[in-house]
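Student: Sequence:
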Amino acid sequence: KMSLGAADLRQRKKQNCTESDKMAPEERNKENSKLGRSPKYMLIQRFAKLFFGCLAAVTSGMMYAVYLSTYHERKFWFSSRQELEREITFQGDSAIYYSFYKELLKAPSFERGVYELTHNNKTISLKTINAVQQMTLYPELIASVLYQASGSEEVIEPVYFYIGIVFGLQGIYVTALFVTSWVMSGTWLAGMLTVAWFIINRTDTTRIDYSIPSRENWALPYFACQVAALTGYLKKNLNSSAEKFCYLLVNASTYTFMMMWEYSHYLLFVQAVSLFLLDSFALAQTEKVHEVYRIYLFSLIVGYLLQFENSALLVSPLLSLVVALMLSKSLQMNMKKSTFMSRLLKIMYIYLVLTVAVTLNFLLKMFIPHKENEHLLKFIEVKLGLNTTRNFTMNWLLCQESLQAPSQDFFLRLTQSSLLPFYILVLIICLFSVTQVIFRRICGEPLKETVKLEDGRIGERPEIVYHVIHTILLGCLAMCLEGMKYLWTPYVCMLAAFGVCSPELWMTLFKWLRLKAVHPILLALILSMAVPTIIGFSLWKEFFPRIMTELTELQEFYDPDTVELMTWIKRQAPVAAVFAGSPQLMGVIKLCTGWMVSSLPLYNDDDLLKRNENIYQIYSKRSAEDIYKILTSYKASFLVIEDSICNEVGPVRGCRVKDLLDIANGHVVCEEGDNYAYSKYGRFCHEIKMNYSPYVNYFTRVYWNRSYFVYKINTVISFQS
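Position 201 of the sequence shown, counted from 1, bears residue number 201 in the UniProt record's numbering, the numbering being contiguous throughout.
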């Protein structure tokens, strides 16, 4: 029996073995079929993720553009206004930009319009200017071409087409920030949070509410596209087609950005410094970084040629830095090895680049004649306390709110929207991680080719390091000048949203905390979804009703006094008349009437700055004869006195126009710490209203209302007292 049982057992084993041998190929076939389908499933999943992410990005941009258009309509009642009333909403330099757009559309041909702008002698008295170069009018050139080429004359009014392009660019701006945060975090939830923070903090992220045609509103969307493309370009293990696309986009957007804004090369200089630091610590591929340097160089050369040989680009710090980096590249070749000599060379490389850049910039400024932006250097000297001045223009700039240090309200607004606390948290984690990576590189440890989630090394991703350095540099500028917050805050929104939505950032934090009770990868994935969701719901609950109130609440912007003034000028003033007054008002007069003016609100030309200061003397304590000589030297025939400036009661004493003029003219006496204004003449803008000699000998009042007094400058003068 035992032998029979053993035989049965052996027989069953043989049967089981044969059955298993028969089943194995079938199971293998099933597994192979599953493996064969998995790439297809992964492709579909990636396509769906990409499709819905792009849809969300484009939808966010379109919704933001519609929101801006609706808010603008509610604020100004734009559709129910006459053309003159619409144009009055453009104030200061915005009025000048739009006036040239109007002139281009009125020209018999585009070529003729461009010629008249480049040889313009109908805007400022006794002065022929190249308006395209001096005011960077390439946005207006493009807008006029699009308006005429698209056949929009019969469909939409020029003003709606113009502001529509600007609002559309703001939509692209938001979309680019969305994509940047998405590329960094891997989830388009980060993009949605970026857009939410951007809109909620709109007061501190954009100037679109105050100055639609300003150059930065045209230029910054292209810079955001460049940053998004650069973020993708710096990523590791990027396939060749995606890398080529990002490279081409960086190229096109960099050049376009430089053509749209005269100060664009300063912002690109900050970006170049960020890339220089990134490459100095060997945290990115040197070839990619130097390709970006070549893009800068190409854009500067082409920009110099197309901007009528703009010497400001040749003496820009960006060109000096890029050339220094190119020349020093050979020294960097042996720095990737972890030897003592390579570390020494790294220090020498940084020193050499800085030395060559400073020396080259100094030499260029010595041999290349330039006047552009010299007032910026003087302003920086005074701002930093390196110099003092009584100059009216410098002190007036120092008093501007945008050139002051940011107020506490700015930080309070960012904190109330939860943006600032999360930004600081993300920045601290990223900084510590980057510091660890730099220390490892100094010790000779190579970077990993692919950083996995479980590694918890977010500081090894070059695009993350770049954004950390970039936001820190922009933040330093924003802490000095409040106007720089419009460059910094959008990327604060983007970096904070990326951080809270990135599992890698949470994993980096958990690696330091050495969590053992809960699986760190699982917890990181949960928090990267839960935290932004909670933030989103809280923002929706608190701020969405406020946004809807803005869109539903009818605001009224109406300035009847200015409308009456412009109407009188168009009906009563001679065609050859030249008006003098504050530069801001002159911009509006030029736009609404087309009459020639004696000054404009432009601050990039020394002659115009001197004109503005001289004509502002109408609010100083100068004699009627002095004012008359100043105005006639610019061939002015009418003078406009603004009651708001003459009787200004500013919140900061010493920053009113009349106070600054008294300081510049030496009409201020300091006694026991108090300032007293003293002059043997009364304030001109007050005295001229009294209608007594000698003022009536030089000026004749021809129009007045509650806000403005217009005087004809007499050509035949009686000097009887």
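Keep in mind the hints are simulated off the structure, nothing from the lab. Cβ atoms here follow ideal geometry from the backbone N, Cα and C, with glycine treated the same way. Among the clues, some could well be false.
[As the list claims (entries may be wrong)] Restricting the straight-line Cα-Cα distance to at most 16 Å, the calculated cross-link-like pairs of lysine to aspartate or glutamate (EDC-like) are:
1) Lys236 / Glu463
2) Lys235 / Glu157
3) Lys378 / Asp605
4) Lys106 / Glu116
5) Lys712 / Glu625
6) Lys127 / Glu116
7) Lys680 / Glu625
8) Lys244 / Glu291
9) Lys235 / Glu291
10) Lys635 / Glu648
11) Lys40 / Glu87
12) Lys75 / Glu157
13) Lys127 / Glu625
14) Lys236 / Glu287
15) Lys383 / Glu401
16) Lys570 / Glu83
17) Lys75 / Glu553
18) Lys288 / Glu116
19) Lys244 / Glu287
20) Lys378 / Asp606
21) Lys127 / Asp605
22) Lys689 / Glu613
23) Lys106 / Glu73
24) Lys75 / Glu85
25) Lys570 / Glu157
26) Lys383 / Glu287
27) Lys629 / Asp605
28) Lys329 / Glu381
29) Lys102 / Glu116
30) Lys106 / Glu153
31) Lys75 / Glu463
32) Lys235 / Glu482
[Claimed, not checked] What follows is a list of derived Cβ distance ranges for each label pair:
33) Leu522 / Gln45: 19 to 27 Å
34) Leu327 / Ser402: 34 to 42 Å
35) Glu309 / Val58: 38 to 46 Å
36) Thr203 / Gly666: 57 to 65 Å
37) Gln572 / Phe308: 34 to 42 Å
38) Ala530 / Gly654: 36 to 44 Å
39) Leu384 / Ala530: 30 to 38 Å
40) Glu564 / Leu50: 29 to 37 Å
Student: Now, for every hint given, state plainly whether the structure supports it.
Tutor: Cross-check of the supplied hints:
1. Lys236 / Glu463: Given pair Lys236, Glu463 holds - Cα atoms ~9 Å apart, limit 16 Å.
2. Lys235 / Glu157: Cα-Cα ~44 Å, so violated.
3. Lys378 / Asp605: Since the Cα atoms of Lys378 and Asp605 sit roughly 14 Å apart, the hinted pair holds (cutoff 16 Å).
4. Lys106 / Glu116: Holds: Lys106 and Glu116 sit about 11 Å apart, inside 16 Å.
5. Lys712 / Glu625: holds (15 Å)
6. Lys127 / Glu116: Satisfied, since the Cα-Cα distance of roughly 14 Å is no more than 16 Å.
7. Lys680 / Glu625: holds (14 Å)
8. Lys244 / Glu291: holds (12 Å)
9. Lys235 / Glu291: holds (14 Å)
10. Lys635 / Glu648: With a Cα-Cα distance of about 28 Å, the restraint between Lys635 and Glu648 is violated, given a limit of 16 Å.
11. Lys40 / Glu87: With Cα atoms ~57 Å apart, Lys40 and Glu87 exceed 16 Å; violated.
12. Lys75 / Glu157: Violated - the C-alpha atoms of Glu157 and Lys75 are around 19 Å apart, more than 16 Å.
13. Lys127 / Glu625: violated (24 Å)
14. Lys236 / Glu287: holds (13 Å)
15. Lys383 / Glu401: holds (13 Å)
16. Lys570 / Glu83: holds (14 Å)
17. Lys75 / Glu553: holds (9 Å)
18. Lys288 / Glu116: Given that 16 Å is the threshold and the Cα spacing comes to 43 Å, the pair is violated.
19. Lys244 / Glu287: holds (14 Å)
20. Lys378 / Asp606: holds (12 Å)
21. Lys127 / Asp605: Roughly 12 Å between the alpha carbons, so the hint for Lys127 and Asp605 holds.
22. Lys689 / Glu613: violated (22 Å)
23. Lys106 / Glu73: violated (26 Å)
24. Lys75 / Glu85: holds (13 Å)
25. Lys570 / Glu157: Violated, because 22 Å separates the two Cα atoms, which is more than 16 Å.
26. Lys383 / Glu287: violated (39 Å)
27. Lys629 / Asp605: Roughly 23 Å between the alpha carbons, so the hint for Lys629 and Asp605 is violated.
28. Lys329 / Glu381: violated (33 Å)
29. Lys102 / Glu116: holds (13 Å)
30. Lys106 / Glu153: Satisfied, since the Cα-Cα distance of roughly 12 Å is no more than 16 Å.
31. Lys75 / Glu463: violated (40 Å)
32. Lys235 / Glu482: violated (32 Å)
33. Leu522 / Gln45: 19 to 27 Å: holds (21 Å)
34. Leu327 / Ser402: 34 to 42 Å: This hint holds: roughly 37 Å between Cβ atoms.
35. Glu309 / Val58: 38 to 46 Å: holds (39 Å)
36. Thr203 / Gly666: 57 to 65 Å: violated (40 Å)
37. Gln572 / Phe308: 34 to 42 Å: Given a distance of about 38 Å, which is inside 34 to 42 Å, the answer is holds.
38. Ala530 / Gly654: 36 to 44 Å: violated (52 Å)
39. Leu384 / Ala530: 30 to 38 Å: violated (46 Å)
40. Glu564 / Leu50: 29 to 37 Å: Since Glu564 and Leu50 have Cβ atoms about 57 Å apart, the given range 29 to 37 Å is violated.
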